[in-house]
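Trainee: Could you build the full structure based on these sequences and the hints that come with them?
Protein chains in written order, with numbering that gives the first Met the number 0: chain A, 0 to 262; chain D, 0 to 262; chain B, 0 to 262.
Honestly, the hints are just simulated from the structure, not real lab data.
On a predicted model such as this, the values are computed, not experimentally measured, just so you know.
Any given hint could be a false lead.
[Stated by the list, open to error] Partner residues are not named here, just some residues of chain D that face chain B (Cβ under 7 Å, in silico):
no., residue
1, D21
2, Q25
3, P97
4, V145
5, A146
6, A150
[Said to hold, decoys possible] A few chain A residues facing chain B, derived, Cβ under 8 Å:
no., residue
7, D21
8, V24
9, N32
10, A33
11, M40
12, A42
13, E43
14, D45
15, M50
16, I53
17, V110
18, I244
19, H248
20, T251
21, P252
22, S256
From the three backbone atoms N, C-alpha and C, an ideal C-beta is built for every residue, glycine too.
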Amino acid sequence: MTLDLLTTLRQQNPIVLTLANDVTVQDVANGLNALGASPIMSAEVDEAEAMVTIAGAVCLNLGTLTKLQLAQMRAVGAAANRQHKPVILDPVAVGAVPYRLQAAQTLLRTVHADVIRGNAGEIAALAAWNWQAKGIDAGTGSGDLVAMAQACAQKYHCVVVLSGATDIVTDGQQVVRVHNGTELFQLHVGSGDLLSSLVAAFAAVQPQNLLAAAATAATVLAGTGELVAAQLTASRPGTFAMLLIDKLHLVTPAELSKIAVVD
Amino acid sequence: MTLDLLTTLRQQNPIVLTLANDVTVQDVANGLNALGASPIMSAEVDEAEAMVTIAGAVCLNLGTLTKLQLAQMRAVGAAANRQHKPVILDPVAVGAVPYRLQAAQTLLRTVHADVIRGNAGEIAALAAWNWQAKGIDAGTGSGDLVAMAQACAQKYHCVVVLSGATDIVTDGQQVVRVHNGTELFQLHVGSGDLLSSLVAAFAAVQPQNLLAAAATAATVLAGTGELVAAQLTASRPGTFAMLLIDKLHLVTPAELSKIAVVD
Amino acid sequence: MTLDLLTTLRQQNPIVLTLANDVTVQDVANGLNALGASPIMSAEVDEAEAMVTIAGAVCLNLGTLTKLQLAQMRAVGAAANRQHKPVILDPVAVGAVPYRLQAAQTLLRTVHADVIRGNAGEIAALAAWNWQAKGIDAGTGSGDLVAMAQACAQKYHCVVVLSGATDIVTDGQQVVRVHNGTELFQLHVGSGDLLSSLVAAFAAVQPQNLLAAAATAATVLAGTGELVAAQLTASRPGTFAMLLIDKLHLVTPAELSKIAVVD
Chain A
0 MTLDLLTTLR QQNPIVLTLA NDVTVQDVAN GLNALGASPI MSAEVDEAEA MVTIAGAVCL
60 NLGTLTKLQL AQMRAVGAAA NRQHKPVILD PVAVGAVPYR LQAAQTLLRT VHADVIRGNA
120 GEIAALAAWN WQAKGIDAGT GSGDLVAMAQ ACAQKYHCVV VLSGATDIVT DGQQVVRVHN
180 GTELFQLHVG SGDLLSSLVA AFAAVQPQNL LAAAATAATV LAGTGELVAA QLTASRPGTF
240 AMLLIDKLHL VTPAELSKIA VVD
Chain D
0 MTLDLLTTLR QQNPIVLTLA NDVTVQDVAN GLNALGASPI MSAEVDEAEA MVTIAGAVCL
60 NLGTLTKLQL AQMRAVGAAA NRQHKPVILD PVAVGAVPYR LQAAQTLLRT VHADVIRGNA
120 GEIAALAAWN WQAKGIDAGT GSGDLVAMAQ ACAQKYHCVV VLSGATDIVT DGQQVVRVHN
180 GTELFQLHVG SGDLLSSLVA AFAAVQPQNL LAAAATAATV LAGTGELVAA QLTASRPGTF
240 AMLLIDKLHL VTPAELSKIA VVD
Chain B
0 MTLDLLTTLR QQNPIVLTLA NDVTVQDVAN GLNALGASPI MSAEVDEAEA MVTIAGAVCL
60 NLGTLTKLQL AQMRAVGAAA NRQHKPVILD PVAVGAVPYR LQAAQTLLRT VHADVIRGNA
120 GEIAALAAWN WQAKGIDAGT GSGDLVAMAQ ACAQKYHCVV VLSGATDIVT DGQQVVRVHN
180 GTELFQLHVG SGDLLSSLVA AFAAVQPQNL LAAAATAATV LAGTGELVAA QLTASRPGTF
240 AMLLIDKLHL VTPAELSKIA VVD
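Mentor: Okay, structure coming up:
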């Protein structure tokens, strides 16, 4: 992983197609745009092929899925696979809602996801890992989380980003841990959605090394959040969200390198 | 009504399922999250039962209704009624658009709303009260408004929150008036939507006393807005919206008690 | 064009119906509201006639179009034409996605757009102008852009607002250029969407002179953005978005007159 990829991203201004979560779509578009990517959203299956053609990567977010949107995701995902554009899947709430787990599994039978980005409960559900019993917020340590992320990556032949206090990025063998971040991410809805679309943006500029692309995305977002949080004297979720958009535009690889804790 | 319910809410972190207004969904999710509840949204009827099962309460918002969403609202509302989870209805624009009034009335024939939250024009339409003639913004005084809210509550056997400069909360007999607030709420779109979902959050933690839950929700939002407005030296709707999210997270029952004007 | 129209708008508080881009709908609603208009959104074709009846103007935004939404746009547009309410079309991405160009052209065969607001690539596509070859961001100068905007206006018998570093407003003959603005508009998603809905707001209060209404809308938004940008010491897209909403509420015709560069 190298943070110079951020400079490349800003030079190339990749188009990222997000099939979005209605709840967070505006923030995701603004986060992509502020960082230096070019967001485009779509809701109509009939423009799937054309949208994928102009995009550098695709993010499929199950946050407010419908049957119509699932059909669109199958078409967009298949077109992206054919056109060799990276596909990032964000399996929102598959750990909590059986319908969503089934929808994600069905989607993954016809679309290859190059990267899956989820929290512990979501990755556990996809990996069919015995995690639920321990509760989503109270796992027994990062050892388990790493093995679970690796199992998920091996099962779906993809890179997995398991985000949390420490983000775990793995292709099933290699593991990168990003220790940066701030608890303020939990106070603003859509941090995970944004990370998934940022992974797509970095994957668009480094498709030949998705592990590095995903790790860079995680480091950039977690590090930028940490820089913003350091300025705040109280837990202000509204102010944090605004300053995060500011800083995604202003942050430099040098600033991030100074604080990055990645192993 | 007691403001200690806010402490209970923060301890329990109830899941609130909102079938949302597309215009304001991000703000509503962030407001719920900042206060201490856990927002979840859904757009697919096939996950209705599962979503209700994990939720503590349900908010049905007609803000950008479609026929598909109305079918989903019937399923979610019926499941919530069966599972004894509080249902809050926000009948957006039923006072102005006949199609919406009909949709709300049809919905209310199969789904019992435990709380209805609307402005004067919306409550008047549901109560079939002669209000329109006077104009929505120029009623003849709070006496009429109270009687109208009571009539609506009696008609639908529910609690009514009629929001305005003074919020009126009633179960058809008892009446609580919340006099807090700020005109800045009118300058930011979605204050009413947020109140409806906050009523759901408080209903989730106090389902046995919905009058108190609704009155607390109204006091918390109106009081928090008032505290934020007191810091501003000009009418800044963008800044107000951001600081409101901040303060929903930071506000304490003690701060609110000091300024609450409730009778 | 006269900036006093802003005072009229604030007095009349026109209802603007926007068939919205899901990505930016919240910001557009807040921008309209902050300025002094009254936003309403709708997603259901069956309420088309009633919505148009209460609205002063209509904005059709193709940003996240679906087949269902196109059917709604046909109904809303036809109703607005019949009721002599101004129709503003925002043809998002018709320059980049052939499906969207076809959708816009089909829509324009049954609905008369009174104003079309787009960027250079979008107006070029509608005018069938040889622009794409030159690249969207690297045209050969404003001479070409004016001729292209005029050709589009003549083709569709409407006013065209071609927005960019200089906004060009034309009815096919007369041309108004608005030189105000800031590059920060490019850093916040939805500035174009907001302009389209603001054009609708001004069209609602001055339907008999849509060229002036559109030019005023462009001047108000560009000038307000310029005033906000002048306060910022760095390119902060999040802060800019928030302060833009503030200033749309606070800005006066006198302030705008002082800085307006319109010819």
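Trainee: Hints first: check each against the structure and report whether it holds.
Mentor: Hint by hint, here is what the structure shows:
1. D21: Holds, about 6 Å.
2. Q25: holds (6 Å)
3. P97: Given a least distance of 6 Å, the restraint on P97 (chain D) holds.
4. V145: Nearest chain B Cβ about 27 Å off; hint violated.
5. A146: violated (27 Å)
6. A150: Hint violated; A150 (chain D) Cβ to chain B Cβ min 25 Å, cut 7 Å.
7. D21: holds (6 Å)
8. V24: holds (5 Å)
9. N32: For N32 (chain A), the interface hint holds, since the closest Cβ of chain B sits about 5 Å away, which is under 8 Å.
10. A33: holds (5 Å)
11. M40: Holds: closest Cβ of chain B sits about 5 Å from M40 (chain A), inside 8 Å.
12. A42: Since the shortest Cβ distance to chain B is 5 Å, the answer is holds.
13. E43: Since chain B brings a Cβ to about 5 Å from E43 (chain A), closer than 8 Å, the hint holds.
14. D45: holds (6 Å)
15. M50: holds (6 Å)
16. I53: This interface hint holds because 6 Å falls under the 8 Å limit.
17. V110: violated (21 Å)
18. I244: holds (3 Å)
19. H248: holds (5 Å)
20. T251: With Cβ-Cβ at 12 Å, over 8 Å, it is violated.
21. P252: At 17 Å from the nearest chain B Cβ, P252 (chain A) fails the 8 Å test, so the hint is violated.
22. S256: Since the shortest Cβ distance to chain B is 20 Å, the answer is violated.
The structure does not agree with the numbered hints 4, 5, 6, 17, 20, 21, 22 stated previously, though it agrees with the rest.
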